[in-house]
Amino acid sequence: MIHYALIFAFGCFGLGLLFNLYRIFVAPGVVDRVLALDTMVINIIALLVLYGISTHSGVYFEAALLFAMTGFVSTVAYCKFILRGDIIE
Amino acid sequence: MEFLAEIVISVLLVAAGIFGLVGSIGLIKLPDTMTRLHAPTKATTLGVGGVLIASMLYFWIFKATLSWHELLITMFLLLTAPITANFIAKAHLHRFGKESDLPDTKTDRGWATFEDEAKEMQPVMTRVTPPAQAPSDH
Amino acid sequence: MLRKLFPHPYLTLLLVITWMLLVNQLKLGSLVLAVILGTIIPLITAPYWPDRPILRNPMAIIGYVLIVLYDIVKSNFIVAGVVLLKPNSQLKPAWVTVPIDLRTPEAITVLAGTITMTPGTVTADMSGDGRSLLIHCLHAPDPDAVRDEIKSRYEARLMRIFE
Amino acid sequence: MNHWIIAPVILPALLAPFIVLVMRHDLSLQRVFSTTGTAVLAAISVVLLYTASTNPPEVYFLGNWPAPFGIVLVLDRLSAMMIALTAVLALLVQLYAISTGWDSRGKHFHALFQFQLMGLCGAFLTGDAFNLFVFFEVLLIASYGLMIHGGGAKRLKAGVQYVAYNLVGSTLFLFALASIYSVTGTLNMADLAVKVAELPAGDAALMRVGAVLLLLVFAVKGALVPLQFWLPATYSFAPGPVAALFAVMTKVGAYAVIRTYTLIFPPNTASTGLLFADLLLPAAIITLVVGAIGVMGATSMARMVAFAAIGSMGTLFIAVAQFTPQAMTAGLYYLVHSTLATAALFLVVDLVQDRRSNDSLRAAAPPFGQHGLLAALFFGATIAMAGMPPLSGFLGKLLVLDATRGANMAVIWTAILATSLITIVGFSRAGSQVFWKAHATTTTQTRPEGKAEPLAFAVVFALLAGLAVMTVLAGPITDWLADTSAELFDRMAYINAVLPTAQE
Amino acid sequence: MELLVASAVGLMTACGVYLTLRKRTFPVIVGIAMLSYAVNVFIFASGRLAIGLPAIITEGASYTDPLTQALVLTAIVISFGMTALIVMMALGAFLETGDDYIGMEDDADAPTPPQEGQK
Amino acid sequence: MSLALIAALPFLGALLPGLLIRAGRNACATVTGLVTALALLGILLHAPAVMRGEVITTRIEWLPALGLNVNFFLDGLGLLFTGLILGIGLLIILYARFYLSSKDPMGQFYAYLLLFQGAMVGIVLSDNILLLLIFWELTSLSSFLLIGYWKHLPEGRQGARMALTVTGAGGLAMIAGMLILGNIVGSYDLTVILQNKDLIQGSEWYLPALILILIGAFTKSAQFPFHFWLPHAMAAPTPVSAYLHSATMVKAGLFLMARMWPVLAGTPEWFYIVATTGLITMVMAAKIALFKDDLKALLAFSTVSHLGLITMLLGFGTTEAAMVAVFHIINHATFKAALFMSAGIVDHETHTRDIKRLGGLRHLMPITFTIVCISALSMAGIPPLNGFLSKELMLEESTHAIWAGNHWVMPVLATIGAMFSVAYSFRLIAHTFLGPVRDDYPAKPHDPGFGMWAAPAFLAALVIAIGIMPMTTVGELVRATASAVTGTEVEVYISHWHGFVPALWMSIIAVGAGFILLGLHRPLDRIWLATPRPEAKAIFDAILEPFARASRAIIDRLHDGSLARYLAVATLTILAAGIYAYQTGTHSPGTRALTPIEPVPAVGWLLLMGATASLFTFHRNRLLALVLVGVIGLMVSVGFVYLSAPDLALTQISVEVATVMLLLLALNFLPKDSPVESTVARRSRDGIIAGAAGLGIGALIFALMTRDSAFQTIADFHLANSKPGGGGTNVVNVILVDFRGYDTFGEIIVLGIAGLVIYALVEALLRGGPANDRLLAWVPDQKRAGDRHPLMLVVATRMILPIALMVGAYIFLRGHNEPGGGFIAGLVVAIATIMQYMASGFGWAAARQRIDYHALIGWGVTIAGLCGVGSWFAMRPFMTTNFGYFKLPFIEKFELATAAIFDLGVFLTVVGAVMLALASISRIAIRAGETVNVEPFDIQPDEEPTTEGVR
Ligand code: NA
Ligand code: NA
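Residue numbers (the working numbering), protein chains in the order written: chain A, 122 to 210; chain B, 165 to 302; chain C, 176 to 338; chain D, 187 to 690; chain E, 7 to 125; chain F, 8 to 958.
Heads up, a few of these hints could be off.
Derived pair list, reagent style DSSO-like, types lysine-lysine, alpha-carbon separation capped at 30 Å [unchecked claim]: (1) Lys340(D) / Lys623(D); (2) Lys299(F) / Lys29(E); (3) Lys544(F) / Lys623(D); (4) Lys262(B) / Lys179(C); (5) Lys340(D) / Lys29(E); (6) Lys202(C) / Lys730(F); (7) Lys249(C) / Lys193(B); (8) Lys261(C) / Lys262(B); (9) Lys790(F) / Lys29(E); (10) Lys204(F) / Lys158(F); (11) Lys262(B) / Lys110(F); (12) Lys623(D) / Lys299(F); (13) Lys193(B) / Lys261(C); (14) Lys262(B) / Lys202(C); (15) Lys158(F) / Lys623(D); (16) Lys262(B) / Lys790(F); (17) Lys227(B) / Lys261(C); (18) Lys202(C) / Lys249(C); (19) Lys623(D) / Lys730(F); (20) Lys267(C) / Lys193(B); (21) Lys202(C) / Lys270(B); (22) Lys679(F) / Lys270(B).
Which chain D residues face chain E? A few, computed with CB under 10 Å, are given here [claimed, not checked]: (23) Val226; (24) Tyr236; (25) Gly287; (26) Arg291; (27) Leu326; (28) Gly331; (29) Ile334; (30) Ala339; (31) Arg341; (32) Leu342; (33) Ser356; (34) Ser365.
If you're looking for bench data, these hints aren't it; they were derived computationally from the structure.
Note that beta-carbon positions come from the ideal geometry of N, C-alpha and C, so glycine has one too.
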């Protein structure tokens, strides 16, 4: 049962990624693309954890944690750039 | 017990998948940036949260290792997602929004994002005439 | 002396927990190391935290967290319905100003974060003096209700915790 | 195991951070320590040179891991020679930089200088292909820093180009190494030599691709046409002493070609055969021609010297492309010669630039201080560079000409001799423009006597004296180099030293 | 999977090469960054692909090639240092000259006054 | 005296004049003369033996690998030439002492002169053709210096360059010829070569060698068509002209032909090339000489003519002709040197060399007149002077020469040459010295002091002496020399009267016709001036200047500063070489099974491809480009996770964030868009190149991935030994810190250097200058929002930073066994710190944490290095690691590998380098007017706001 739930979840987040790709391609401005990138990171974290479950391996959690950290930092940096030009002032 | 756990985990995974997907659907379906901004919070909270809890349960029950990493990730996401959303909203307001479209702050001051804007902005360096003599090493 | 060694005792506690979560094992050795790191790191980062937040009622945090979790789950379903079922034409997004009485930066942050994490509302901005929040609602036929709910459901509780 | 082998890497690698840590704000201390360090390095290099001359190749197993699994350093005559050349040149250049105050025109000159030496020595010593990449990067990034030392608009622009071009080169290096590893499963050069020789025929094409990409990487470093484009702007806008030190940078490319294509892919390799000689020779000849035309057409002295440096790489690679012991001897002789000559010429040009309002060859500038002495040094250095007697350039060219008798003799000889003429003409035009024409303009506005920098002049003298010594002692030197070539072509000595159990 | 990796490497290389052929420093730097992404994946893939076999020693497992990974790590770090440097140099050149062209064409196009022999 | 010493003397002596010039001009000249005299003495001591037919040799091994040795030999030919070089050298030194003005740097002059002298002596004594070549080129170089001695004269500079170019070119051709010759014979020793006539003349390489060697000889001896440089060399001071351009250097070509005569002469090729060239040169130059008004130009062309004469004689290839050639070399040297010096005297005294402005000097300068008369009459071939003797013999020899079956060509043309010779010689006397005294000389002429006319007078005396008693004076010398030239014993009999032989009639005709020509000089001169004729300088410039311009054009086009073009060329080269290498090798397709494609990775791939394609499309919007880079970096990292490379993923993603941040920081100052600047064609071209490169690389990696390595990879060893040998289960990390720790050592140094360079660069930018000015005047180009330090971010960061540091510590400590390690930990810590800076501002945050990033880098590299050195104390090689399990109180057993200390060095360097780079860029921002905030965030909900910062 978990197996099928996993496949379903994989499918959902994979599909989610595809939608993110669409938003990367078609967007009114760079802010939407930053938003898409941020969503992508979240989807990917989910996928990584799913992958960890499906391979019974905990090796990927550090990656997920780091993705969360770097995703946050880079989103803030992009926005800060749009807001102020200088991201460290 | 294991069967119950299996059901719980599966439900969590399916729900997570659905909510995660809803977030991404929202990203393409909703009409403007501000409404689209609501999407990732969904993916974060129930989407990733569900997966992470499912994972914890799975490793705890089926692999007999209680993994707390998931909790850490969840906490981190819960901590950072509002900041991210706040920043994206501010960036959007700054770049595309007008203060006049927003409701009044009901205080003496305006919205922070719009407060400093009036002062500036000219193109880079076009006004700067290069100095007459370039210094050399000699 | 103790204050100098542990400028932020709650932080030390939080870091010890974090370390234990990271190493994923409950052993004395890990705990010792966690305490060492949990002492050193706050000392390093203390300068960035000049004034200590005062938690007046720490136990109230638990109640607050439970309420927020419940709200997250509940409104997630509502928003999912909005996203999936409601045509964009019927969507009624709205801006809401929420004047706030909280004055502690940490409390305001928690409030703003809570608003964002509960689906359907996003904290978009803050007034220049920090006394009101700008909230964007995904679908809010009645914006004033949103404001009132935020103030009564979250701000009042946070007021009790922080101030 | 002889720990001295790694000293040329470790000494500057520890000295540089020491300078950064302890004496960041005290230039005098930096000068003392850095110069002392370089002098010690030179002394060590002499010891290593002696060791390498009297012993078969010696191996240093880093981390005590056996080859080919860890990284090894190999000291043989060639690597010892390159290190000695580098150390001696570096010492002179450093004295020059101190004497002229170049080291005070920006930050961290000495730390970067030491790192540069570390990179160079590391590249010469390593017996591991990927480690060669790492040390290429060390020496490159240090060179980027030295190149833009002191700043300035032109220098920075040229610097950006230099870095961008070489970053593409570094990327290519990685493509090549990955391909080679993927085919052979090893990175150790001796092991590669063994495995390439036994390579199944079906892998030959991919092996050739990897090897050719590698050749192109080294060609970039060696400024071989059409990959020479980075050089003129870089060398002509770099600070004088840095350009002089860079004289040895192109030789890193030559060294790598010599090492790789005598050890790993010698001409009798089944999979690669004469591929590299066939590609190198025409490129080398064109390089020579481009260099000569550049000398003729350059509009500033530094640029002219830069093109002369390109031309000298052409001559060098012509010799290398023969892949015969005799030609390799000639090539190695020319390598040492052209390093010293190029450095001398860059330093002279720097002295001139410092005393003249500009180094343009288009406009006449008033005469300048220490004119006669500089003219003499310029004359000497150009003679060396153009390959005229009595300095070693002429002997070098004769050796190369003598060693290239054979099928392509007519083309090679024509190229070498014709470009010599063009170079001579170009240099004589420039020299008469800068040193003689100045006298035609009114002598009343002679610029004040230049700064007295006896040490700087002494350095140039020393370099020219080095060339004179190379001329006078050409016999013993070529004998030594002949043994070096012999060692290069005796691959089993190297392979056995690194992999005691290997069989070819 | 190999086809996907190869095509991704190819496209990233193409994109990198295209951007390095631009006239301004910024796209060139982005292009170089793309090239280094491409080459990192290239090195990694040259050790062949393996799914779910990280080179963490456990009981009786098989592993992917750890060496190419180590090489990529080294390459990543080096290219990071290089990128940081060239970014700063490009900024410096821009501030010094007032334009962000990567070319130095102005140097060669300067008018040529007659030389001695021609007068 | 050893020949080597004789050859070396002038070189060693060349150091003296420069030193002794401080002791005065006389001392300077004296020491120069002494050196020359000493060398001459050395030669004269050998003379008796040589005259007996002995050959003196000196052999010193120099460069045996090449066959280049310092071998000298002295035979008759060498004796004659060393005698000429040193003897006339002495006279010139004397003459120059008085000729040079006090403003001329005399020390330099004598030094150059001695250098030249040494080179000439070297040429004539060399017994090794490579050695000869060295001296040969040295004469070109030293003559360059001598001709350009008067630096202020443009003619001097040009003349010097022209001489160097022409003789240099000849010299280079000769190198090729000599190398071929050596190749044929198998030795570069002259004495060996001279014994291999048949071998050489039978070789298919004979003609190329002959032509190349003759080019060298002809250029040096100013033979047609290379004669043009010589008159321009007359810009040199007269002593130089007299020495180089009459007596010695121009004779080097003749010497060479004479030297090689035994092996090269005697073939039709030799005859037709050499004799014809000589004949043409002789006639043509004599004709030109007649119309030259500049005294030195007249003499220069007459020299060319006489060199042609001698060349022709050598070209005849007969023993007799060779003998005559030798004799004329002697005679020409005497009268021509005397004439040059006299011309110099005239110039010196009257301040002009223009014949048309002279005349009547006979009365004012009787001594000079006498000397010129004697020498010029000899040059005209008037008996009984020495010129007459050799000219008669020449005419005689010309009658024996048959040119393409024709008996008349040679004698007729030779007579015409002699006729011109008579005419210009008499013109020299008549138009300069005869006629009425003028009153418009530029200076008041009178005879110079004895010192100046002594040398030419001595030579004039020789002219007479040889003319009257040829056999007594030079008979033996000519015999010895001619024997050496021909390699056979030559009988010499020189007399004034041979009977009414054809030569006599030819001579009479020449003299008579010469007088007629002189009489007609005025109308002929008008015709001459009216006739357009090729001007040597114009031709030379017409060749060289376009070449120089073309070179400049080529080089400016080739190296036009366009990096895009450079890289396009590089890419195409790489592609072409790669494809060629592949096409020419054998390839069998790989057989490795493909890894199956799963849907989710396929989506990831689609994202990567899509983002890359978007980057192509949107790269002009620079911020968007960075967002896309972020997407690509993210997808690559995810790919690494999926493909079993967690360490790579961690590193890639952290590096990617740091890179994007740096780019964003830089972009703040840079233009935000890249304008469209290339044409569609250019973009398509770039697209095609890029596409080809992508296809190539893609195909290559596909081919590699789908086959197994040909041999077992060394990675297997790493997998097997990671735990037992390196003490860690994360093999990648063990490779990094242990198996290949040395790579990592280099890698962190790269990073550290990057930090240092960035710091130094910023220092240079802010030191003052355009960059600094621009920054001071900088105004942001995009609107800036309020709220620099949003409250929410600041509060969150206070929480995140400690946690992130904790994570960093965790990643650091576990690296050896699980994914992680010092590098990633360093980046995590750096990024967390950056986060703090982003939240509260760099100035505010850095002021609260005074960490010296230089020191971090320094310590990092030092720790890593010392960790490696530490193994020496265990008698192990650099970087040998050790590991063990330590039991510390309370803390559970944990493993401590020395590799962890190394990793600490890595960690510190990474943090230091990243932070130093950021700190540097922040300094730029502060210079650009950025303010530093006093509060951690702008919004102060509990008090009145303070948004204004302090500078
Ligand atoms: Na929300
Ligand atoms: Na070890």
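Taking the hints in turn, this is what the structure says about them:
1. Distance restraint check for Lys340(D) and Lys623(D): the Cα-Cα separation of roughly 27 Å lies within the 30 Å cut-off, and the hinted pair is therefore satisfied.
2. Straight-line distance between C-alpha atoms of Lys299(F) and Lys29(E) comes to about 60 Å, which puts the hinted pair past the 30 Å bound.
3. Pair hint Lys544(F) plus Lys623(D) holds up; C-alpha atoms about 19 Å apart against a cutoff of 30 Å.
4. The suggested pairing of Lys262(B) with Lys179(C) is violated, with an alpha-carbon distance near 48 Å, which exceeds 30 Å.
5. Under the criterion of a C-alpha separation no larger than 30 Å, the hint pairing Lys340(D) with Lys29(E) is consistent with the structure, at around 17 Å.
6. With a C-alpha separation of about 24 Å, the suggested pairing of Lys202(C) with Lys730(F) holds against the 30 Å cut-off.
7. This hinted pair checks out: Lys249(C) and Lys193(B) have alpha carbons roughly 22 Å apart, not beyond 30 Å.
8. Between Lys261(C) and Lys262(B), the direct Cα distance comes to roughly 27 Å. Compliance with the 30 Å bound is thereby established for this hinted pair.
9. Between the alpha carbons of Lys790(F) and Lys29(E) the distance comes to roughly 27 Å, so the proposed pair stays at or under 30 Å and holds.
10. Among the hinted pairs, Lys204(F) with Lys158(F) is inconsistent with the structure: their alpha-carbon atoms are about 46 Å apart, more than 30 Å.
11. Pair hint Lys262(B) plus Lys110(F) does not hold up; C-alpha atoms about 84 Å apart against a cutoff of 30 Å.
12. A hinted pair counts as satisfied when its Cα atoms are at most 30 Å apart, and Lys623(D) with Lys299(F) qualifies at roughly 28 Å.
13. Simply put, Lys193(B) and Lys261(C) have alpha-carbon atoms about 10 Å apart, close enough for the 30 Å limit, and the pair holds.
14. Distance check on the hinted pair: Lys262(B) and Lys202(C) sit about 56 Å apart at the alpha-carbon level, beyond 30 Å; violated.
15. Straight-line distance between C-alpha atoms of Lys158(F) and Lys623(D) comes to about 7 Å, which keeps the hinted pair within the 30 Å bound.
16. For the suggested pair Lys262(B) and Lys790(F), the alpha carbons sit about 13 Å apart, so the restraint of at most 30 Å is met.
17. At roughly 42 Å between alpha-carbon atoms, Lys227(B) and Lys261(C) are farther apart than 30 Å, so this suggested pair is violated.
18. With a C-alpha separation of about 38 Å, the suggested pairing of Lys202(C) with Lys249(C) is violated against the 30 Å cut-off.
19. Pair hint Lys623(D) plus Lys730(F) does not hold up; C-alpha atoms about 74 Å apart against a cutoff of 30 Å.
20. For a cut-off of 30 Å, the pair hint linking Lys267(C) to Lys193(B) stands: about 15 Å separates their Cα positions.
21. Pair hint Lys202(C) plus Lys270(B) does not hold up; C-alpha atoms about 54 Å apart against a cutoff of 30 Å.
22. At most 30 Å may separate the alpha-carbon atoms for a hinted pair to count; Lys679(F) and Lys270(B) exceed this at roughly 36 Å.
23. The beta carbon of Val226(D) comes no nearer than 28 Å to any beta carbon in chain E, farther than 10 Å, and the hint placing it at the interface is violated.
24. Because the smallest distance between the Cβ of Tyr236(D) and any Cβ of chain E comes to about 34 Å, over 10 Å, the interface hint for this residue is violated.
25. A cut of 10 Å between beta carbons decides the hint on Gly287(D): the least distance to chain E is about 22 Å, and the hint is violated.
26. Using the Cβ-Cβ criterion of 10 Å, the hint placing Arg291(D) at the interface with chain E is not satisfied: the shortest such distance is roughly 15 Å.
27. Given the 10 Å rule on beta carbons, the hint for Leu326(D) holds: about 8 Å separates it from the nearest Cβ of chain E.
28. Taken as an interface hint, Gly331(D) checks out: its beta carbon lies about 8 Å from the nearest beta carbon of chain E, inside 10 Å.
29. Nearest Cβ of chain E to the Cβ of Ile334(D): about 6 Å, under the 10 Å cut. The hint holds.
30. The beta carbon of Ala339(D) is positioned within 10 Å of a beta carbon in chain E (closest approach about 4 Å), and the interface hint is therefore held.
31. At about 9 Å, the closest approach between the beta carbon of Arg341(D) and any beta carbon in chain E falls short of 10 Å, and the interface hint on this residue holds.
32. The interface hint given for Leu342(D) holds, since its Cβ lies 4 Å from the closest Cβ of chain E, which is under the 10 Å cut-off.
33. The restraint placing Ser356(D) at the interface with chain E holds, with a minimum CB-CB distance near 7 Å, inside the 10 Å limit.
34. The criterion of a C-beta within 10 Å of any C-beta in chain E is met by Ser365(D), whose closest approach is roughly 7 Å, and the hint holds.
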